[in-house]
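Asker: Residue-level listing of the chains:
There are 2 protein chains.
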Amino acid sequence: MKMHTLTIVGVGLIGGSVGLAVKGRGGAARVIGVGRKLSTLDEARRLGVIDEVSLDMADAVRRAEVAVFCTPVDHIADQVLACAAGCAPGTLLTDAGSTKAAIVGAVEGRLPRGVAFVGSHPLAGSEKRGPEHARADLFEGRLTVLTRTERTDPEALERAAAFWQALGSRVKVMSPEEHDRALALTSHLPHLAASALAGLLPPELSELTASGFRDGTRVAAGDPALWAAIFEQNRDAVLDALRLLRDRLTAYAAALNAGDRAALDALLTHAKRARDALGS
Amino acid sequence: MKMHTLTIVGVGLIGGSVGLAVKGRGGAARVIGVGRKLSTLDEARRLGVIDEVSLDMADAVRRAEVAVFCTPVDHIADQVLACAAGCAPGTLLTDAGSTKAAIVGAVEGRLPRGVAFVGSHPLAGSEKRGPEHARADLFEGRLTVLTRTERTDPEALERAAAFWQALGSRVKVMSPEEHDRALALTSHLPHLAASALAGLLPPELSELTASGFRDGTRVAAGDPALWAAIFEQNRDAVLDALRLLRDRLTAYAAALNAGDRAALDALLTHAKRARDALGS
Numbered sequence: 100m101k102m103h104t105l106t107i108v109g110v111g112l113i114g115g116s117v118g119l120a121v122k123g124r125g126g127a128a129r130v131i132g133v134g135r136k137l138s139t140l141d142e143a144r145r146l147g148v149i150d151e152v153s154l155d156m157a158d159a160v161r162r163a164e165v166a167v168f169c170t171p172v173d174h175i176a177d178q179v180l181a182c183a184a185g186c187a188p189g190t191l192l193t194d195a196g197s198t199k200a201a202i203v204g205a206v207e208g209r210l211p212r213g214v215a216f217v218g219s220h221p222l223a224g225s226e227k228r229g230p231e232h233a234r235a236d237l238f239e240g241r242l243t244v245l246t247r248t249e250r251t252d253p254e255a256l257e258r259a260a261a262f263w264q265a266l267g268s269r270v271k272v273m274s275p276e277e278h279d280r281a282l283a284l285t286s287h288l289p290h291l292a293a294s295a296l297a298g299l300l301p302p303e304l305s306e307l308t309a310s311g312f313r314d315g316t317r318v319a320a321g322d323p324a325l326w327a328a329i330f331e332q333n334r335d336a337v338l339d340a341l342r343l344l345r346d347r348l349t350a351y352a353a354a355l356n357a358g359d360r361a362a363l364d365a366l367l368t369h370a371k372r373a374r375d376a377l378g379s
Numbered sequence: 100m101k102m103h104t105l106t107i108v109g110v111g112l113i114g115g116s117v118g119l120a121v122k123g124r125g126g127a128a129r130v131i132g133v134g135r136k137l138s139t140l141d142e143a144r145r146l147g148v149i150d151e152v153s154l155d156m157a158d159a160v161r162r163a164e165v166a167v168f169c170t171p172v173d174h175i176a177d178q179v180l181a182c183a184a185g186c187a188p189g190t191l192l193t194d195a196g197s198t199k200a201a202i203v204g205a206v207e208g209r210l211p212r213g214v215a216f217v218g219s220h221p222l223a224g225s226e227k228r229g230p231e232h233a234r235a236d237l238f239e240g241r242l243t244v245l246t247r248t249e250r251t252d253p254e255a256l257e258r259a260a261a262f263w264q265a266l267g268s269r270v271k272v273m274s275p276e277e278h279d280r281a282l283a284l285t286s287h288l289p290h291l292a293a294s295a296l297a298g299l300l301p302p303e304l305s306e307l308t309a310s311g312f313r314d315g316t317r318v319a320a321g322d323p324a325l326w327a328a329i330f331e332q333n334r335d336a337v338l339d340a341l342r343l344l345r346d347r348l349t350a351y352a353a354a355l356n357a358g359d360r361a362a363l364d365a366l367l368t369h370a371k372r373a374r375d376a377l378g379s
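Going down the list, the sequences are from chains A and B. This note's numbering applies: residue 100 is where the first sequence begins, and numbers increase by one. This note's numbering applies: residue 100 is where the second sequence begins, and numbers increase by one.
Treat the hints with caution; some may be incorrect.
Residues from chain A that face chain B, not an exhaustive set, calculated with beta carbons under 10 Å [stated by the list, open to error]:
#: 1; residue: Arg234
#: 2; residue: Ala297
#: 3; residue: Ala373
Please keep in mind that the hints were generated in silico from the structure rather than gathered at the bench. For every residue, glycine included, the Cβ atom is placed at its ideal position computed from N, Cα and C.
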């Protein structure tokens, strides 16, 4: 996929990695980065993540054939709608948000004719923030979920797929709701569990942690505001997932309490098989 | 600490790493490895982890000045008692078990005069198993907990400290009960949470996992039998820790359910600070 201008709204870890990947692969003649702080944008340009900086989101998006919104999930829909009005027909708008149903639902049916939005979620990231942690290979070999609804334009979906594939990603098409239910289990719940564990650690026991605790709580260092917005946008599925986890922990406690070694072994063995199947 | 003969009972990841570290630092003229399977022991000798192999645990321990038991926690006390009878006065027995109160309690007061046992727990390891994953630097910069009770011989405690320090470890002295309560939170609970999370993953969602899920569940690949024994030996503290985690998850659910963004932010922010304080 080759374009003249790509605009990235939100040049943090994800947006910055989109910029590095596109520029590294010659996917766009010009990459404009949009943000609220000129100092961050200038730093991103200095790092080679973007070519141009802009504080005027609508203007920068209007100048692009493709714009990708890499901002917090509770900002994306409003930003897309604010920018779409001025876009030329044929403009593709997409995003990198961790939730999809609320965003897609808020945008669909409200775009000018010929301007398309395709919800995307690259399953890549880190607890780190900022363009200084961006990586040209962040999406390589990873999966990006693209959403399709009854209103999705097939051609726009193909262009969005080509966009993420050009960054090295595989793509998978799901409905927004299917995405959100799955990610509640595979991403949002692990974040809550990590956060709950990290929050239980009395500071004086820090020295008694090893890799099990550190690996298990790593994502809890993620930005609280970003994650609170994700949980709120996917509330019902997250609450269902939390219930599953609490029930499962209750099963471990019951087995332990009853001295039921066979039940405990079965729980641990089932989980080990599931984890082994994932690979490292 | 320099000795003629060190015997390692159980030459897996931990026992093998003790062997590599001692041999790499010239800490013993001879390292005997004891196990149940000759093929594993021969492999460990071929890898340079041990110098001699033995299937006769009591004999191999009798020939050493120091013996370290790196076997499952539910075997250690019986093995120590089975070997101690034939040991010369001055022999130091220690272990690497993840629980301490049950082991120390079962051994204390039952040793021949002049033979000492000091409970140890190096906070290092991996979900991997076997001497092929042993590393000479496994203990470097890590912490080893040594236990002290009213019956602990101060000179034996010093020798045990010198032993682990010679492998690059820092040491910290705690009571067995204090160790077990702390490790319930810092190690046993994270393992249960990882196991519960991994066990909830439907296989068809595997492709939708990313680093959050993978990091958060890594330890769930550990050996179920080893961990079931750890949980059973530390049952009360583990049940208390499980209760804390379930209550904390309930607090996240309540905040989310009530749409109480301030409460959700507070939970996430507190946890982030705790995790940030740990470093990577």
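Asker: Does each hint fit the structure? Answer for all of them.
Answerer: Going through the hints against the structure:
Interface restraint check: Arg234(A) against chain B, minimum CB-CB distance 13 Å, threshold 10 Å, status violated. A hinted interface residue such as Ala297(A) counts as satisfied when its beta carbon comes closer than 10 Å to some beta carbon of chain B; here the least separation is about 4 Å, so the hint holds. Evaluation of the Ala373(A) hint against chain B yields a held restraint, the C-beta minimum of about 5 Å falling below 10 Å.
When each numbered hint is compared with the structure, a violation occurs for hint 1 only.
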